[in-house]
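All chains, full assembly: derive it from the sequences and hints.
As a plain string of letters, each chain reads:
Protein chains: 2
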Amino acid sequence: MSVFHKNSAKLRDQERARLIWLLTTDKAITSALTNKLTLVEQYDAGKLADDIAEVGALVAHLPAPDLADTLEALPSDARHALWGLVEDSKRGNVLLEASESVYEDLIEGMSDKALLDALDTLDIDEKIYLVQHLPRNLTGRLLATLPAEERARVRQVMNYAPDSVGAIMEFEVIVIRPDVTLGAVQRYLRRLGKMPGNTDKLFVTTRDKTLLGELALQTILLNPAQRRVNEVMEAEPVTFHPEEDAEKVARTFERDDLLSAPVIDAEGKLLGRLTIDEIVDVVYEETDNDIRQMSGLSNEQDVFAPVSKAVKTRWGWLAVNLCTAFIASRVIDGFEHTISQLVALASLMPIVAGIGGNTGNQTITMIVRALALQHIQPGNFSFLILREMGVALINGLVWGGIMGGVTWWLYDDPHLGGVMMLAMVLNLLVASLMGVLIPMIMTKLGRDPAVGSSVMITAITDTGGFFIFLGLATIFLL
Amino acid sequence: MSVFHKNSAKLRDQERARLIWLLTTDKAITSALTNKLTLVEQYDAGKLADDIAEVGALVAHLPAPDLADTLEALPSDARHALWGLVEDSKRGNVLLEASESVYEDLIEGMSDKALLDALDTLDIDEKIYLVQHLPRNLTGRLLATLPAEERARVRQVMNYAPDSVGAIMEFEVIVIRPDVTLGAVQRYLRRLGKMPGNTDKLFVTTRDKTLLGELALQTILLNPAQRRVNEVMEAEPVTFHPEEDAEKVARTFERDDLLSAPVIDAEGKLLGRLTIDEIVDVVYEETDNDIRQMSGLSNEQDVFAPVSKAVKTRWGWLAVNLCTAFIASRVIDGFEHTISQLVALASLMPIVAGIGGNTGNQTITMIVRALALQHIQPGNFSFLILREMGVALINGLVWGGIMGGVTWWLYDDPHLGGVMMLAMVLNLLVASLMGVLIPMIMTKLGRDPAVGSSVMITAITDTGGFFIFLGLATIFLL
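Top to bottom, those sequences are chains A and B. First residue of the first sequence: 1, per UniProt numbering; consecutive thereafter. First residue of the second sequence: 1, per UniProt numbering; consecutive thereafter.
For the record, the hints were derived by calculation from the structure and aren't laboratory data. Any given hint might turn out to be false.
Just so you know, same-sequence chains aren't split out, so a pair can sit in one copy or run between any two.
Claimed, not checked - Here are the simulated DSS-like cross-link-like pairs (lysine-lysine), alpha carbons at most 30 angstroms apart as the crow flies:
1. K309 x K10
2. K27 x K444
3. K309 x K90
4. K312 x K209
5. K10 x K444
6. K47 x K248
7. K90 x K248
8. K27 x K10
9. K269 x K10
Right, here's the structure in full:
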């Protein structure tokens, strides 16, 4: 028996890399696939035919999630060339797995009919997920093709906030009654013939859908067939409500090692379920978004977007950054007289600003994480702010002392060294105070503390650093 | 029926918050619990007794993962006071769920015997996990208490790299033979009476442990009892090897929606399994670490560490940052003559440096993520670098043009405006080139691209920005 199964993740890693290599290093393949034949003529026709055959074989062999991943790693023209080769039956699943920006790029080039055909292979929960991201005119057309009950569900889901439990829950659940035996449950399951993906438990409800408990597949297998459901079920399951925040729920899934959990309404009636695979997606998205937002990239960033699109998605923060840098520059300009008297200030001031920005960003990163974990509570808030100020004071005295000494030695001016040290201590205190307050205040205002915090703290420590340093210099040195 | 089950995640959220509130706002509770009675005397004894009783009730009610989370959100003295209240039978599980820094803080204050008692309640896979983080002298003592077979396993796991599949895999698996019927499997399971946590499938092997396939619990329930295992099992499961990188494997779990997967050795023999709950922990750790490392915080950061410890964990990057800021400052100092001739340069130069740092950090964030997703391959690398340079050129011309115009207007000097624009274009090109190259080169060298990338790019764009701007000014304006 071979060590690599056909499904080996490593083998598929290699196949994805090979596909990307073929489509990006040899422009002729993309051109031939999209029928731009003028370019093709200069190439060796035999080798080209071989390469195209290999691309086709790889596309046929790779499962949908791997194809979605490959599409994400291609520039737009190669992406569309590859998309043309994906069989109709796989297209729905590829769209499902693709990130939002790739998904939008792909459906832009599809006819309405092709798109509806692709969606046709999906089950209702998958359709609901994709419909939320369709252009408006298509949403209507897709809705029209659905039975009335499913249409009502799509509408219901679209009413929930995009980052809530309601938006990611699944409707397909297996429901059983409390008074039947495990043997009867097993006969029922065999009659059904299949279960929704990632089913690890069934839900026990009354006839009017009130949730009574949950029955793990394990429990069915471990107990005698004549036991009744209500004797062996978990009667106090962890439940969620559709309005809850998906990121918080993800932390509960992690804390309790859940694989799936029921979603109930305010009256305790079962609405659907959450599964760990949706939760893992939430976790990756949450953390990806946090990382990107802290550095001022938008969520929809497509790494392989063309120049024109990439420019647009980054202009927002660049403009904000330019404004804050401009304000800091005006602060310096206000001290033009001081600098002209003592040019050394110009070369020292970026140190004060830089060290403040560094400390402020460290503090913010820590606080944003602690907020996500719900570790910050009214009780421990004052401890945290005093601790941060204490750390800043010690760091300021130690590193400010060192820089003050170096400055004294470099410029042979003890007063300049003293101003340097004092400015560093003060700017570090400002940085750590604001590093705690900015994310806390943004959370109080109901905003995501990760978005733009970094830009704000840098603006404050730059402007503050220049002002403190040049201000102290004006007072003590002129 | 009440809408909140006893297990409701929301209720536990409230209980955790209440516990933190009690232990941090009223110092008397912590003091009383740790027998520092001098402080206690000034307080109302009746209220104190009530509060302590409430703390006790909450600790008794909350499950281990919630207690671990609460301990993480407390300063050290309150943390130890709370730890003293946790029952022996829960302590092992709390340690298992606690983050590394909290775990180390807690075991520091425990006697060897108390620690070994706590570990005694855990199963072998859990012991193995914790033993990896024990102080050396305790590892030996714990190993001595284990049967020979388990001892060998612990030694085996400790040989794998900490971020590899081997370090997080579990040994407890249920193994069956291919030629038995599903009915026989079910009788076998009932005899076993329980399954390891998060079991969604059994593993089918030969007598010498060669993996033949996997049998989902779903499959057992959905098929007739007389079918044989090898007729209905998945014969090509996704498998992993113990040396593989856990973060990469996590991406495969996400891509394939896996709940568990077999780990096999080079000969295809079953070693153990990976479960989704370990994978979710890996995902959270990976992304938390990325976020923290990019801003120069160490992994072991404990948000509620005392000042002395917090100072130490942040000195490394602060020192690096101070050095790079110092170098940038020396570059400016080299142009002292230029600045003394035209003081306006001092207020304009931070804009050039700042906008470069912003762009460089955006690029690095994008590249680090694309590397983690294995989206960057030799084939698409040149596209990526040209795209980034293209974006930088356009942004430089547009925003540099605007800033150049503003400078011209402010200082009534077209040449100064021209230098400003040219410097911004050049520094943005440097920023985006280095933003792609730094993480790529660090990956080539086998290092984590997230660690310190941000500090390096800022150093380059600061120093480069000052040098380019002041250099151009010296050439064109003096």
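Here's how the hints hold up against the structure:
Taking CA atoms no more than 30 angstroms apart as the test, K309 paired with K10 passes in neither setting, with 33 angstroms inside one copy and 42 angstroms between copies. Taking the closest pair of Cα atoms, K27 and K444 come within 30 angstroms of each other only across two copies (26 angstroms); inside a single copy the shortest separation is 52 angstroms, beyond that limit. Proximity of K309 and K90 under a CA criterion of 30 angstroms is satisfied intra-copy only: 28 angstroms inside one chain copy versus 54 angstroms between copies. Taking the shortest Cα distances, K312 and K209 never come within 30 angstroms of each other, neither inside one copy (49 angstroms) nor across copies (56 angstroms).
In this homomeric assembly, K10 and K444 come within 30 angstroms of each other (Cα to Cα) only across copies, at 19 angstroms, whereas the closest approach inside a single copy is 46 angstroms. Proximity of K47 and K248 under a CA criterion of 30 angstroms is satisfied in neither setting, with 53 angstroms inside one chain copy and 34 angstroms between copies. For the identical chains of this complex, K90 and K248 are inter-copy neighbours only, at 24 angstroms across copies versus 33 angstroms inside a copy, given an alpha-carbon limit of 30 angstroms. In this assembly of identical chains, the alpha carbons of K27 and K10 lie at most 30 angstroms apart only when taken from the same copy (27 angstroms versus 55 angstroms across copies).
In this homomeric assembly, K269 and K10 come within 30 angstroms of each other (Cα to Cα) only across copies, at 17 angstroms, whereas the closest approach inside a single copy is 44 angstroms.
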